[in-house]
Amino acid sequence: MKLTTKQLTLCALLTAMALALSYLENLFPLSLAIPIPGVKLGLANIVTLFALYALGAEQALLILLSRCLLGALFAGNINALFFSLLGGLCAMGAMIVLSRRQVLSVYGVSVGGAAAHNCGQIAAAMLTLGSSAPLYYLPVLLAVSLLTGGLTGLAAACLFQGLSHTDLMKG
Amino acid sequence: MRQPPKLRPTLWDFLTALCVAALAVIVAVFQWRGGQTQGLTAVVSVDGAEVDRVFLGYAAGEKTYQAGDYTLTVEYDQDGAQVLASDCPTRDCVHTGTITRSGQSIVCLPGRFILHLEGGAADPNAIDAVLG
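For the protein sequence lines, the chains are A and B, in the order given.
Numbered per this note's numbering, the first sequence spans residues 584 to 754.
Numbered per this note's numbering, the second sequence spans residues 5 to 136.
So that you can see chain A by itself, here it is in the shape it has in the complex:
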């Protein structure tokens, strides 16, 4: 993959924003309201969704991988890397497929991504624990993904609307 200076700068900026959003959502732990391992708002998914439409799948994947790796390094928790990678890659795969079907808006793509992310996290938990016990939480996590996916979709829609008058994404 060959990137121009502008693309590389945008990727770095979006990675930094995704890391900041991941850190920010730790200040609002959704797990206090819904006590299930892995439940979170998924604010960093706003950046992934934005990058997917604005920069394309390859650069969005690059941003996702950088965010997962740096997030695990900064948190000093390499165990979390497997969870965020599997969740993130599932979400990315689902969003790439759904966004290619031009019939969905950012809301539908975001909800699909959030649901796939939770499926990936549960798969990671099952593989890590060597048990199917985490599957018990999947129905609640899928229900939560309707809410969190809708919210991140709304944030992404506002972002696209706000940037529609700029030439930031052109070319």
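Hints in this document: simulated from the structure, not taken from any laboratory.
Keep in mind the model is a prediction, meaning the values are calculated, not measured.
Among the clues, some could well be false.
[What the hints assert, rightly or not] Listed next, with one range per pair, are the computed distances between beta-carbon atoms: (1) 27/B x 653/A: 15 to 21 angstroms; (2) 613/A x 77/B: 23 to 29 angstroms; (3) 653/A x 26/B: 34 to 40 angstroms; (4) 66/B x 747/A: 56 to 62 angstroms; (5) 748/A x 94/B: 40 to 46 angstroms; (6) 73/B x 614/A: 19 to 25 angstroms; (7) 653/A x 42/B: 48 to 54 angstroms; (8) 747/A x 94/B: 36 to 42 angstroms; (9) 614/A x 82/B: 26 to 32 angstroms; (10) 41/B x 599/A: 46 to 52 angstroms; (11) 653/A x 47/B: 35 to 41 angstroms.
[Said to hold, decoys possible] Reference excerpt, derived from the structure (chain A facing chain B, CB under 10 angstroms, subset only): (12) 595; (13) 611; (14) 620; (15) 636; (16) 682; (17) 684; (18) 685; (19) 698; (20) 713; (21) 725; (22) 740; (23) 743.
[Said to hold, decoys possible] Simulated coverage check for chain B against chain A, where a stretch passes if three residues somewhere in it have a Cβ under 8 angstroms from a Cβ of chain A: (24) 20-34; (25) 72-86.
The beta carbon of each residue, even a glycine, is placed where N, CA and C say it ideally should be.
With chain A held as given, fit chain B onto it using these hints.
Structure of chain B alone, referenced to chain A:
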């Protein structure tokens, strides 16, 4: 932009949400159905290996387990089990509360700890038969 996104919800978005909700219901039906509340046995596993098995009919009280770098205190009574205290970073296991039906689990991911309820087991100390 490579591919301008639609910014207003479409009918297909609602169908996508409906598919996610349907998947949640299907998994719930298979995972949550028919949980028993009698004859429960709590099975404790750490790092994939079973470390304890407690029959809840005896209201066993509290037990402490070492799960990796973390210590978890579990309270058992006749109705169910709960993680009373844990020094793991997220403490989701503590926030889960009491589990009371077979099939339910409390998972502590940082400690790789699972507390799982199995149902329908016979009392291991029950008298099999009375003769004479």
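Hints, verified against the model:
Between residue 27/B and residue 653/A, the C-beta spacing of about 32 angstroms breaks the proposed range 15 to 21 angstroms. Between residue 613/A and residue 77/B the beta carbon distance is about 25 angstroms. The supplied range of 23 to 29 angstroms therefore holds. Checked against the hint of 34 to 40 angstroms, the pair residue 653/A and residue 26/B passes, with Cβ atoms roughly 36 angstroms apart. A C-beta distance of roughly 59 angstroms is found between residue 66/B and residue 747/A, which places it inside the suggested range of 56 to 62 angstroms.
Distance hint check for residue 748/A and residue 94/B: the Cβ-Cβ separation is about 42 angstroms, which falls inside the suggested range of 40 to 46 angstroms. Here the CB-CB span from residue 73/B to residue 614/A is close to 20 angstroms, well matched to the stated 19 to 25 angstroms. Our hint of 48 to 54 angstroms for residue 653/A and residue 42/B holds, since their Cβ atoms are close to 50 angstroms apart. Residue 747/A and residue 94/B have their C-beta atoms about 39 angstroms apart, which keeps the hinted 36 to 42 angstroms range intact.
The hint said 26 to 32 angstroms for the Cβ distance between residue 614/A and residue 82/B, and at roughly 29 angstroms that hint holds. At roughly 51 angstroms, the beta-carbon separation of residue 41/B and residue 599/A lies within the given 46 to 52 angstroms, and the hint holds. Roughly 38 angstroms separates the CB atoms of residue 653/A and residue 47/B, a value that falls within the hinted 35 to 41 angstroms. Hint status for residue 595/A: violated, given a least beta-carbon distance of 19 angstroms to chain B, over 10 angstroms.
Using the Cβ-Cβ criterion of 10 angstroms, the hint placing residue 611/A at the interface with chain B is not satisfied: the shortest such distance is roughly 14 angstroms. About 5 angstroms separates the beta-carbon of residue 620/A from the nearest beta-carbon of chain B, less than 10 angstroms, and the hint is met. Interface hint at residue 636/A: satisfied, since its Cβ lies 5 angstroms from the closest Cβ of chain B, which is below the 10 angstroms cut-off. At a threshold of 10 angstroms, the smallest CB-CB gap from residue 682/A to chain B is about 7 angstroms, leaving the interface hint in force.
Because the beta carbon of residue 684/A sits about 8 angstroms from the nearest beta carbon in chain B, less than 10 angstroms, this interface hint is met. Interface hint at residue 685/A: satisfied, since its Cβ lies 8 angstroms from the closest Cβ of chain B, which is below the 10 angstroms cut-off. Checking residue 698/A against chain B by beta carbon gives a least distance of about 4 angstroms; that is within 10 angstroms, so the hint holds. The restraint placing residue 713/A at the interface with chain B holds, with a minimum CB-CB distance near 4 angstroms, inside the 10 angstroms limit.
With 10 angstroms as the threshold, the beta carbon of residue 725/A comes within range of chain B, its nearest partner Cβ sitting at about 4 angstroms, so the hint holds. This hint holds: residue 740/A has a C-beta 5 angstroms from the nearest C-beta of chain B, less than the 10 angstroms allowed. Of the supplied interface hints, the one on residue 743/A holds, with its beta-carbon coming within about 6 angstroms of a beta-carbon of chain B, less than 10 angstroms. For the segment 20-34 of chain B, the assignment as covered by chain A holds, since 9 residues bring a beta-carbon within under 8 angstroms of that chain's beta-carbons and 3 suffice.
For the segment 72-86 of chain B, the stated coverage by chain A is violated: 0 residues have a C-beta nearer than 8 angstroms to a C-beta of that chain, whereas at least 3 were required.
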